Amino acid sequence: MEPFERLVSRVVALPVENVDTDQIIPARFLKVTDKAGLGDALFADWRYAEDGTPRPDFVLNRPEARGARILVAGNNFGCGSSREHAPWALAGFGFRAVVSTYFADIFRSNALKNGILPVVLEPEVHARLLRQAAEMPDGEVAIDLHGRTLTLADGESATFPIDPFARHCLLNGVDQLGFLLAERAAIARYEAANPGRVYTVDSGEEGAWIH
Amino acid sequence: MPRSRTLFEKVWESHLVRPETPEAPAVLYVDLHLVHEVTSPQAFAELRARGLRVRRPERTLATMDHSTPTTPRRSDGRIPVTDAQAAAQLAALERNCRDFGVPLFALGDDRQGIVHVIGPEQGLTQPGMTVVCGDSHTSTHGAFGALAFGIGTSEVGHVLATQCLLQNRPRTMEVRVNGRLRPGVGAKDVILALIARIGIGGGTGHVIEYTGEAVRSLGMEERMTVCNMSIEGGARAGMIAPDDTTFNYLAGRPFAPEGPAWDRAVEAWRGLASDEGAAYDATVTLDAGKLSPMITYGTNPGMGMPVDGIVPDPADARDASQRAALDKALRYMGLRPGERLAGKPVDVVFVGSCTNSRISDLRTAASVLRGRRVAPGVRLLVVPGSQAVKRQAEAEGLDRVFREAGGEWREAGCSMCIAMNGDQLAPGEYAVSTSNRNFEGRQGKGGRTFLASPLTAAATAVRGVITDARELVG
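If you read the sequences in order, they're chains F and B.
Each residue of the first sequence is one higher than the one before, counting from 0 in numbering that gives the first Met the number 0.
Each residue of the second sequence is one higher than the one before, counting from 0 in numbering that gives the first Met the number 0.
Derived by calculation from the structure, the hints in this document are not laboratory data.
Since the structure is predicted, the reported quantities are computational estimates derived from the model, not experimental observations.
C-beta: ideal position from N, C-alpha, C; glycine also.
Some hints could be false.
What the hints assert, rightly or not - Below, in silico cross-link-like pairs of lysine to aspartate or glutamate (EDC-like), each with a Cα-Cα straight-line distance of 20 Å or less:
| id | chain 1 | residue 1 | chain 2 | residue 2 |
| --- | --- | --- | --- | --- |
| 1 | B | K9 | F | E190 |
| 2 | B | K327 | F | D44 |
| 3 | F | K30 | B | D82 |
What the hints assert, rightly or not - One side only, chain B facing chain F, incomplete, derived with CB under 8 Å:
| id | residue |
| --- | --- |
| 4 | T38 |
| 5 | A85 |
| 6 | A87 |
| 7 | M128 |
| 8 | G133 |
| 9 | I150 |
| 10 | T161 |
| 11 | G204 |
| 12 | G233 |
| 13 | G427 |
As the list claims (entries may be wrong) - Computed far set for chain F versus chain B, every beta-carbon distance over 10 Å:
| id | residue |
| --- | --- |
| 14 | S8 |
| 15 | R9 |
| 16 | G36 |
| 17 | E123 |
| 18 | A133 |
| 19 | T150 |
| 20 | A152 |
| 21 | I186 |
With the hints as constraints, model all of the structure from the sequences given.
Have a look at this one:
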C-alpha cells in the first residue's frame with residue numbers, strides 16, 4: 000500500500016447525506032474478478048445519462064474535478080453494502096481522501112485498507128469547507144496525517160480524529176495482512192486451546208461437497 | 000463475584016487471540032467464514048500473490064447466490080448462466096474453492112442458496128460463535144446469539160489466510176421491544192420501525208442486542224429478519240440471546256452437535272445470555288403494541304412509516320441537509336408530501352432476499368395468495384432463499400399457490416434484492432419488496448422500491464395497490 004503522509008489538492012464537493020455504496024458503485028459493476036478499471040463506474044448512475052454519455056451537471060464531470068484527490072461528501076458516507084469495490088472505484092478515479100461528518104463502519108475499514116483516508120470534521124468546519132468549495136473551486140485543501148490536520152483554502156486549520164493503528168498503517172504503508180500473519184504463533188495457541196466449533200468439510204461418507 | 004457481562008462481551012472476550020491495546024486493534028478469532036462469488040475473487044488472488052494457503056478450510060463454506068440466475072431449470076436439471084461476466088465470476092469461485100480446498104455449495108447443488116439462509120438452515124450458525132462474510136447482511140446470524148458481521152474483501156483475505164481479523168471493540172446498544180405485537184404486525188415491521196426511529200446511521204459503531212418480551216416471542220426465522228437489517232440502522236451486528244426457541248430450531252440440523260455433544264453445547268449456550276445488571280452503552284425502547292405494518296417511502300431504509308401513513312413534507316425536516324435529502328428522495332420516488340401510500344399502484348411485488356425468503360415468509364405470503372389472483376398488470380416474483388426452502392415449499396404445495404395466483408416461482412438466490420442476475424425493475428417501475436434496501440437503483444437502474452413485510456407484499460400483489468394486509472385477512 001502506498002504510504003499517505005500529506006496531500007494537497009482541489010476538492011470535489013458532493014454535499015449529499017447518506018451516500019450508500021450502491022450509489023458509489025452500482026451492483027451491476029460487481030461482476031468482476033479484479034479491481035482494475037472500476038474508477039469509470041464510480042457514481043455511475045449519477046454520472047452518466049441513459050445513453051452512457053457524462054452528465055455535464057454532475058460534479059465529477061466538471062473540469063475542476065479533473066485531478067482532484069479529495070472528495071467532500073455529506074453525513075454518513077458509505078452506508079449500506081460492504082462492497083470494497085466502493086473504495087476501489089474511488090481510488091480508481093484518483094481520490095485519496097474522503098471528508099465527511101461521519102462514515103459508515105465497513106466503508107471506513109475498507110477505505111483504510113486501500114490507502115484512502117476518511118477525514119471526519121466537525122459540522123461547522125465541514126460546512127465551511129463546502130462553502131469554500133463552491134466559492135473558490137480552484138482553492139486547495141491540505142491534509143497532513145502526521146499532524147492530523149486539514150487546512151482549508153482560506154488557511155483555517157482543523158484537527159481530525161483517527162485511531163493510532165490506522166494512522167500508523169497509512170503513514171508507513173503497512174498492510175494489515177502482514178501484521179496478522181506475524182501473529183501466527185498466538186493464533187496457533189488460541190486454536191490449541193479452543194477446538195473448532197463446526198467442521199464444514201465432510202468426513203467423506205457422502206462424497207466431496209464440490210461437484 | 001465476576002462482573003456482569005452482556006451477550007456481546009461474552010462472545011467477544013472468548014474470541015480474543017490478542018486483546019485491544021492503545022496501539023493496535025484486537026486480534027479476533029473467526030469460527031465460521033462464509034464466502035460468496037462477488038466479494039471473494041480479489042481475496043483469493045491476494046493469497047495466490049503471496050503464496051498463502053487457506054488456514055482453516057474446514058471453518059469456511061462457500062456458496063453461489065448474488066449473480067446466479069433464478070430462472071427455472073432446464074429439462075436436464077441444469078441452471079444455465081447466460082451472463083458471460085457472471086459465469087466467469089462463478090467459475091472463478093469454483094476454481095478458487097477447488098485450489099484452496101474450501102467446501103462449496105455450487106449452483107445446482109441441493110444445499111445451494113443465499114449465504115445467510117444456508118448457514119442457519121445447515122446448523123452451521125450456532126450460539127456463541129463468531130461468523131463473518133464479505134456481505135453486510137451477515138448480521139442475520141446474530142439471531143442465534145453469534146457475533147456476526149460483514150467485512151470487506153481485504154478482510155475476506157485476512158480471514159482466509161489467518162482465520163482472524165483486526166477489530167476495534169464496538170460499543171453496545173440494547174434495543175428493548177416491550178409488550179406484544181398486534182395481529183398483522185411482524186418482525187419486518189419491528190425492524191423497519193426501529194430504523195425509522197434511530198435513522199440509518201443511528202447504530203454506527205455499535206452492536207445491537209435485541210431484548211424484551213416481543214423479541215422473545217419471535218420464532219428463529221423472524222429473529223433472523225430483525226438481526227438481518229441491523230446494518231440498515233448502521234450497526235455492524237445484531238444479536239439475540241439463545242433460548243429454547245434457538246435450541247429447538249438447531250436440533251437435528253446437519254452440522255449441529257449430536258448426542259452428548261449436543262447436551263454439553265446447550266448447557267454452554269444457556270450461559271451466553273446477558274447477565275442481570277450488565278450495562279449497555281445505549282438503550283432504545285420500543286412498545287410492540289403500538290407498532291403497525293410498516294412501509295418505506297424514500298431511498299433509504301430509515302425513511303419508513305406505518306402503511307396507512309402519509310409521506311412526510313421536506314419543509315418539516317430538522318435542518319437543510321435533511322430537507323435536501325428528503326426532497327431528493329421524494330423526487331426519485333415520484334411522491335408528493337402528504338400523499339397516502341396505501342392505494343398506490345405498483346408494477347412488481349418481490350418476495351425473497353436474505354431478509355424474507357425462508358419457509359415461514361413463504362407460508363405467510365401464501366396464506367394471503369391462496370385462492371386469490373395477482374392483480375392484472377402486476378408481476379409477482381417469489382424467490383426462495385435456498386434449495387432446501389424451495390423443496391420444503393414445494394412439499395407443502397406453496398409453489399402451486401403462487402403459480403395458480405399468477406406469480407413466478409424461481410430457483411434460489413439473491414435475485415431482485417440486488418439485481419445482479421437479470422431479475423430487476425425497469426426504470427420508473429414501482430415495487431413492493433420484502434428485501435432490505437430501497438436505495439436508488441438497488442433493484443434495477445431507475446427502479447423505485449417500497450420495503451415491506453411478506454404479508455404486506457402479498458396483499459399488495461392481490462390488490463395491485465399498496466395494501467394494509469389486515470384489510471384482506473382480518
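Can we trust that S8/F is non-interface, i.e. its beta-carbon lies farther than 10 Å from all of chain B? 24 Å, holds
Does G133/B meet its interface restraint, that is, does its C-beta lie within less than 8 Å of any C-beta in chain F? With Cβ-Cβ at 6 Å, under 8 Å, it holds.
Would you check whether G204/B satisfies its interface hint, that is, whether its CB is within less than 8 Å of any CB in chain F? 6 Å, holds
Under 8 Å, Cβ to Cβ, is where G233/B needs to be relative to chain F, so tell me if that hint holds or is violated. 6 Å, holds
Please verify that the nearest CB of chain B lies beyond 10 Å from I186/F's CB. The claim breaks: I186/F does not keep its Cβ more than 10 Å from every Cβ of chain B (closest is about 6 Å).
Whether R9/F stays farther than 10 Å from all C-beta atoms of chain B, as the label says: Since the minimum Cβ distance to chain B is about 23 Å, R9/F lies beyond 10 Å and the statement holds.
For E123/F, which was marked as not at the interface, is the minimum beta-carbon distance to chain B over 10 Å? 13 Å, holds
Tell me if T161/B is really an interface residue toward chain F, meaning its C-beta lies closer than 8 Å to one of theirs. This hint holds: T161/B lies near chain F, its Cβ roughly 5 Å from the closest one there, short of 8 Å.
So, as I understand it, the hint says A85/B touches chain F; can you test that by seeing if any CB pair is closer than 8 Å? Since the shortest Cβ distance to chain F is 5 Å, the answer is holds.
Status of the stated non-contact between G36/F and chain B (beta carbon gap over 10 Å): The assertion about G36/F holds, with a minimum of 13 Å to chain B.
Non-interface claim for A152/F, where every Cβ of chain B lies beyond 10 Å: 22 Å, holds
Taking 20 Å as the top limit, are the C-alpha atoms of K30/F and D82/B close enough? 10 Å, holds
Violated hints for the displayed structure, listed by number in ascending order: 13, 21.
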